[in-house]
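Novice: Take a look at the letters that make up each chain.
There are 2 protein chains.
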Amino acid sequence: MSGASGSLRSLGEEMWKKTDKANADFFVQLYGAFIKSMLKELEYDPHRMTAAQLKYTREMGSRLADEFFAKSNLSRCKDFRECADVLAKVAFKMFLNITPTVTDISPDSKEFSLVFEEDPLVENVVLPEYLVRTGNIFSYSGGFYTGCILGAFETIGINLTIKVIKDKLLGDDHTVLKISFVSLKPESRPPKHPGDEDDE
Amino acid sequence: MSGASGSLRSLGEEMWKKTDKANADFFVQLYGAFIKSMLKELEYDPHRMTAAQLKYTREMGSRLADEFFAKSNLSRCKDFRECADVLAKVAFKMFLNITPTVTDISPDSKEFSLVFEEDPLVENVVLPEYLVRTGNIFSYSGGFYTGCILGAFETIGINLTIKVIKDKLLGDDHTVLKISFVSLKPESRPPKHPGDEDDE
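Residue numbers (our numbering), protein chains in the order written: chain B, 1 to 200; chain Z, 1 to 200.
Hints are computed from structural coordinates only; laboratory data are not their basis. Be aware that one or more of the hints could be misleading.
As the list claims (entries may be wrong) - Example chain B residues on the side facing chain Z (calculated, C-beta under 10 Å, incomplete): (1) 16; (2) 19; (3) 24; (4) 25; (5) 26; (6) 30; (7) 40.
As the list claims (entries may be wrong) - Okay, the calculated beta carbon distance ranges per label pair: (8) 14/B to 182/Z: 42 to 52 Å; (9) 55/B to 106/Z: 19 to 29 Å; (10) 9/Z to 118/B: 28 to 38 Å.
Unchecked claim - From the derived model, a few chain Z residues whose C-beta atoms are all more than 12 Å from chain B: (11) 71; (12) 102; (13) 104; (14) 113; (15) 130; (16) 159; (17) 160; (18) 161; (19) 166; (20) 180; (21) 186.
Even for Gly, the Cβ is constructed at its ideal location relative to N, Cα and C.
One chain only, chain B, in its complex shape (with noise of 0.2 Å):
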């Protein structure tokens, strides 16, 4: 597996070589009156402010997981546990310039956590105290990866369940995700590397 581990990783650094940048505290700033301003919408409700959060990064995710595919020339993985190592390092290398650690990985490879210990968009943030205190029900950043993965993997046809377990902003040495695979979409299935016909 460290060998095609290590690929991934410099496939990640090769993608990020090669990809359009902007300033990362403007795109942290963005977020930030993005939520500010859904908070405003959504009466400073925590439970709506998640469900808007989650509609709105799923859809990012699903368009992200197109550019992904279009730019990576990855063909599908073989199994959970290798999608689990390209979401992150290539994925969120090439989008965000970190590589969460994927770990505890449960015995059938369905199940994993996603460990950030770097996390640009919790810096220099302050959550409103109301949100601290009903942050298991809104994470900021956790909420963000959240549905950017979700929205990601249904495009790829992967349902999936994400918990987010610990939360930096809320005091948590890192934030963490737990990732479960569900099921597979029946109509759809991940997409295929031209090239891969002669798998089948």
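Assemble chain Z onto chain B, guided by the hints.
Specialist: Only chain Z this time, still in chain B's reference frame:
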């Protein structure tokens, strides 16, 4: 001027190199999600959209100005003409990796146009038809730049008026802003570089 202008360009390059980066497409998509969310919140009213867009981008501009002066180590501009160059060649380069062109400078140097040959925000964006028809009110990218610039200049004590006079998303060849100096805020003044005392 060309010497100073060239060194501003190098400073922009240098600050861009030092900055933490995120994927520009991700930034553009996040902005799209933001606008979509605001459209719903504001019942698709272009007047209210423009006001809200201005509010949030102005706040962003103010924070960006703080960051800009913290990182660039630039002393205050000698005149508004120099402000225009710093904005185009250092600030836009540092935050979005683009360098709009300063043109049509008025004889008294209190007015100039900023031409965005490249407008990363409008890549792959299609505006809903009713917003295209009201393009003179709502400008998807021009309004974003307008708010950021207004907020940034307010932070250093300069009041401006800005008009979007061309909009790439509405079929114009470029996005163009006309920027006019209005007044210095009496209670504030442009930030001073710590080593500047002897200029007094």
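Novice: State for each hint whether it applies.
Specialist: Verification of the hints:
The closest approach between the C-beta of residue 16/B and any C-beta of chain Z is roughly 8 Å, which is under the 10 Å cut-off, so the hint is satisfied. A least Cβ separation of about 5 Å between residue 19/B and chain Z falls short of the 10 Å threshold, and the interface hint therefore holds. Interface hint status for residue 24/B: upheld, as the beta-carbon distance to the closest one in chain Z is roughly 4 Å, under 10 Å. Because the smallest distance between the Cβ of residue 25/B and any Cβ of chain Z comes to about 6 Å, under 10 Å, the interface hint for this residue holds.
For residue 26/B, the interface hint holds, since its Cβ comes within 10 Å of a Cβ in chain Z; the closest pair sits about 5 Å apart. Proximity of residue 30/B to chain Z holds as hinted, the smallest CB-CB distance being about 5 Å (cut-off 10 Å). The interface hint given for residue 40/B is met, as the beta carbon of that residue sits about 8 Å from the closest beta carbon of chain Z, less than 10 Å. Evaluation of the 42 to 52 Å hint for residue 14/B and residue 182/Z yields a pass: the beta carbon distance comes to about 48 Å.
Distance hint for residue 55/B and residue 106/Z: a CB-CB separation of about 46 Å, inconsistent with the stated range 19 to 29 Å. Checked against the hint of 28 to 38 Å, the pair residue 9/Z and residue 118/B passes, with Cβ atoms roughly 31 Å apart. Its closest Cβ contact with chain B, about 9 Å, brings residue 71/Z to no more than 12 Å, contrary to its assignment away from the interface. At roughly 21 Å from the closest C-beta of chain B, the C-beta of residue 102/Z stays outside 12 Å, upholding its exclusion from the interface.
With a least CB separation of 27 Å from chain B, residue 104/Z remains clear of the 12 Å interface cut-off, as annotated. Look at residue 113/Z: its CB is around 23 Å from the nearest CB on chain B, clear of 12 Å, so calling it non-interface holds up. With a closest Cβ-Cβ approach of about 20 Å to chain B, residue 130/Z is found to remain outside the 12 Å limit, as its non-interface label requires. Listed as outside the interface, residue 159/Z is consistent with that label: its C-beta sits roughly 22 Å from the nearest C-beta of chain B, beyond the 12 Å cut-off.
The claim that residue 160/Z lies off the interface holds: its Cβ sits roughly 20 Å from the closest Cβ of chain B, which is beyond the 12 Å cut-off. Chain B leaves residue 161/Z outside its interface by the beta-carbon criterion, the shortest separation being 22 Å against a cut-off of 12 Å. Once the 12 Å rule is applied to beta carbons, residue 166/Z is consistent with being away from chain B; the minimum gap is 23 Å. The non-interface label for residue 180/Z is consistent with chain B: the shortest C-beta to C-beta separation is roughly 25 Å, beyond 12 Å.
With a least CB separation of 29 Å from chain B, residue 186/Z remains clear of the 12 Å interface cut-off, as annotated.
The structure fails hints 9 and 11 (numbered hints given earlier, in ascending order).
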